[in-house]
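*Asks:* When you get a sec, could you build the whole thing from the sequences and use the hints?
Each chain is listed here by its residues.
2 protein chains.
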Amino acid sequence: MRLSKITEGLIGQPMFKLLVKMQEKERTGKKLYHFEIGDSDYPAPSHVVKSVKKALDEDRTHYVDSTGICEFKEAIREHIARRLGFRPALKQILVMPSNAIIDFVVRCTADPADEIIYPDPGFSTYIAVTSYTGVKKVGVPILESHKFHIQPEEIEKRITPRTKLIILNSPSNPTGAALNRDTIMEVGLIAKKHNLYLLSDEIYSKVIYDGIKHYSSSELDHCQERTIILDGFAKGYSMPGFRLGYAIGPESVIEKMGLLFQTIFSCFPPFIQYGGISALTECPADVEERVETYGRLRDLIYEKLNAMPGISCLKPEGAVYIFPNISGTGMSSQEFVEFALDKANVVLLSGTCFGTEGEGYVRLCYTRKPEMIIEAMDRLKKALEERKNGEDFNKRHNLAGRRTSCRG
Amino acid sequence: MRLSKITEGLIGQPMFKLLVKMQEKERTGKKLYHFEIGDSDYPAPSHVVKSVKKALDEDRTHYVDSTGICEFKEAIREHIARRLGFRPALKQILVMPSNAIIDFVVRCTADPADEIIYPDPGFSTYIAVTSYTGVKKVGVPILESHKFHIQPEEIEKRITPRTKLIILNSPSNPTGAALNRDTIMEVGLIAKKHNLYLLSDEIYSKVIYDGIKHYSSSELDHCQERTIILDGFAKGYSMPGFRLGYAIGPESVIEKMGLLFQTIFSCFPPFIQYGGISALTECPADVEERVETYGRLRDLIYEKLNAMPGISCLKPEGAVYIFPNISGTGMSSQEFVEFALDKANVVLLSGTCFGTEGEGYVRLCYTRKPEMIIEAMDRLKKALEERKNGEDFNKRHNLAGRRTSCRG
Chain A
1 MRLSKITEGL
11 IGQPMFKLLV
21 KMQEKERTGK
31 KLYHFEIGDS
41 DYPAPSHVVK
51 SVKKALDEDR
61 THYVDSTGIC
71 EFKEAIREHI
81 ARRLGFRPAL
91 KQILVMPSNA
101 IIDFVVRCTA
111 DPADEIIYPD
121 PGFSTYIAVT
131 SYTGVKKVGV
141 PILESHKFHI
151 QPEEIEKRIT
161 PRTKLIILNS
171 PSNPTGAALN
181 RDTIMEVGLI
191 AKKHNLYLLS
201 DEIYSKVIYD
211 GIKHYSSSEL
221 DHCQERTIIL
231 DGFAKGYSMP
241 GFRLGYAIGP
251 ESVIEKMGLL
261 FQTIFSCFPP
271 FIQYGGISAL
281 TECPADVEER
291 VETYGRLRDL
301 IYEKLNAMPG
311 ISCLKPEGAV
321 YIFPNISGTG
331 MSSQEFVEFA
341 LDKANVVLLS
351 GTCFGTEGEG
361 YVRLCYTRKP
371 EMIIEAMDRL
381 KKALEERKNG
391 EDFNKRHNLA
401 GRRTSCRG
Chain B
409 MRLSKITEGL
419 IGQPMFKLLV
429 KMQEKERTGK
439 KLYHFEIGDS
449 DYPAPSHVVK
459 SVKKALDEDR
469 THYVDSTGIC
479 EFKEAIREHI
489 ARRLGFRPAL
499 KQILVMPSNA
509 IIDFVVRCTA
519 DPADEIIYPD
529 PGFSTYIAVT
539 SYTGVKKVGV
549 PILESHKFHI
559 QPEEIEKRIT
569 PRTKLIILNS
579 PSNPTGAALN
589 RDTIMEVGLI
599 AKKHNLYLLS
609 DEIYSKVIYD
619 GIKHYSSSEL
629 DHCQERTIIL
639 DGFAKGYSMP
649 GFRLGYAIGP
659 ESVIEKMGLL
669 FQTIFSCFPP
679 FIQYGGISAL
689 TECPADVEER
699 VETYGRLRDL
709 IYEKLNAMPG
719 ISCLKPEGAV
729 YIFPNISGTG
739 MSSQEFVEFA
749 LDKANVVLLS
759 GTCFGTEGEG
769 YVRLCYTRKP
779 EMIIEAMDRL
789 KKALEERKNG
799 EDFNKRHNLA
809 GRRTSCRG
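Those sequence lines, one after another, are chains A and B.
Using my numbering, read the first sequence as starting at 1 and increasing by one per residue.
Using my numbering, read the second sequence as starting at 409 and increasing by one per residue.
Among these hints, one or two may not hold up.
Result set (EDC-like, lysine to aspartate or glutamate): computed pairs, CA atoms no more than 20 Å apart in a straight line [claimed, not checked]: (1) K413/B with D111/A; (2) K461/B with E58/A; (3) K50/A with E466/B; (4) K458/B with D57/A.
It is worth saying that the hints were derived from the structure and are not from the lab.
*Replies:* So, in structure tokens, the structure goes:
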């Protein structure tokens, strides 16, 4: 029987498809080095686990306010006050899985044939959502020549009367760029000028290095007019499996998103929300310590990758990814991913998973144990060197392989 | 700024709106008797809580297969084998919140302007989903004169070339009817004849009384062709706040639903899934004991309601609700709800929350402590008797009030 049209364009998140495939391979005993998924080798903070367990013991397992329990929303408000300097009304806050916020914001602000502007390369859900909502996706190229910083004028150029929403993500997935205040404010002012909603994906706001400060366009409107902040606990707090996040936005948007959430999900598990309270109130040192560790891992993988033939990469300013340019190897992104898996057992993602502008790049998530990073990168380097020596040998002896000649 | 059209029809689930309002009132110190929400005064099974806590301790807090962890899907498969006599493939199983299954099935099977047939009165999400998907809702009246059992011929009458899906729910919310095998199979055969999908909402399959057996249209196709089973842990296992459920359906439908789930939610919290394994494998006696308790509570509230002036009700065969006919009181459903709250502090839901055919009825969820049921029902009875005495007095003295005369 025919399924609906909205599902035709659905391809899923690349890392989850790979996750299943890799787990199947690993069951056969092959040791793989995983850099594909935005997970962390580090456990959730012990305070958080303790609070969730306590809430379970206290029978916090019943239905609750579908917008989030009051105590958690109050903790979020105080956290935002500390982090961004304004105190949102409780009615501006909605507790829900971070990833779902993207789907909900798009559905609540844009009708089919309306347009949303998003960074390309950018998080794959930005693109996926447009495949089943009938909303038109308009990508803004994010260029290495601009250190992967979005150019506000490139956004404004793409605004039409059908544009409803701009998606901004800093620190950025997959590039690791952290936008400066000028850029963020300029985008905020463009949204204001054209009366557009602005989804500010700040899921990596806590993971930022070298003393760089995180900025948010909510500085302009305190989320009362157009800015909808997406934040959560998967990254900074190493709590990916909790699926806990929150949106802060204009009351009218949050009310609609809340109704949609209530209709589809009833409410968010209350005992997990108590874990969120603990994360926001008990563990600031945990986060700092973790980010310091991540910074060291970034340095490590950055050095390792830049020492490989045909690879160059910028130093990420935030988030948990590095986005090396692999075009010097002569391979396409997909070819490189297959090469890394076949020759070095290293699993990573093609830059094209994040949009057409990702060609020539691959993404690695480096929140792994340092010894694993070293082992994996040494294997990858060796494989690339062997490949290069083979190519050089072929060139010297004029033995260009079929593959090379095919590519001209 | 204008929000999208899809949100215009959204009104949310009535019980959650009431939940918030009531919690606000209670903060002022008023004691209310809650019968509005399909929650239970009984805690989640201790085995389940123990398993979730163990999984948290074992760091089961990372990303996992977005369709559900393998061990849980295997436990579901064995549970279905025991319950329904067939063993679905793992690819026919998707772990996700039960309520969201309704939204996902509708979105994956029906395009805007397609039609879905659902029971009226029926669970409010059936109707809500149509408000934002552009899918046309076609209600089948569920009549007290037929003991609230759906009439298959009334379904077939409403099938058009645009019909894509039939929703069936047994035991039923809000009526408590449990459909017999003939009815279920007849609906299954109608779906087969017209090549339609069939969403079998079996969330109350375990809550069924008096030795009545639960039947499922999956008997006809083992969920390989058209039947999509919705089940979960909120009701039979008293685990509403876990938001844990699963769908079983044809591989093509489950694959699409899985991609949608992955895109929007990434995956379901793994540590909760371990609680699901425990529920399915460790606590069968817990469920039986709980259902026995619920059966006694049903008897209690049934007797109490039938002893009130102007009220009559059928004995529910399953689920956790009773759906009394209040038309003998002369009040509309909404008036009755307000009366019960004002005069007896009893919170219940208008039958119209479940569709236009719910007028003349109210819904009470009776999985409460027996002493609370007795106290609340005695208050409601007293209030109705006082009202009746007042009316009788007015009638005897020809003092019909404005309100009565307004209604003619």
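*Asks:* Confirm or reject each hint.
*Replies:* Verification of the supplied hints:
Under the criterion of a C-alpha separation no larger than 20 Å, the hint pairing K413/B with D111/A is consistent with the structure, at around 6 Å. Between the alpha carbons of K461/B and E58/A the distance comes to roughly 13 Å, so the proposed pair stays at or under 20 Å and holds. Taking the CA atoms of K50/A and E466/B, the gap is near 13 Å; set against the 20 Å cutoff, the hint holds. Between K458/B and D57/A the CA atoms are separated by roughly 9 Å; this keeps the pair inside 20 Å, and the hint holds.
This entry satisfies every hint, going by the numbered hints stated previously.
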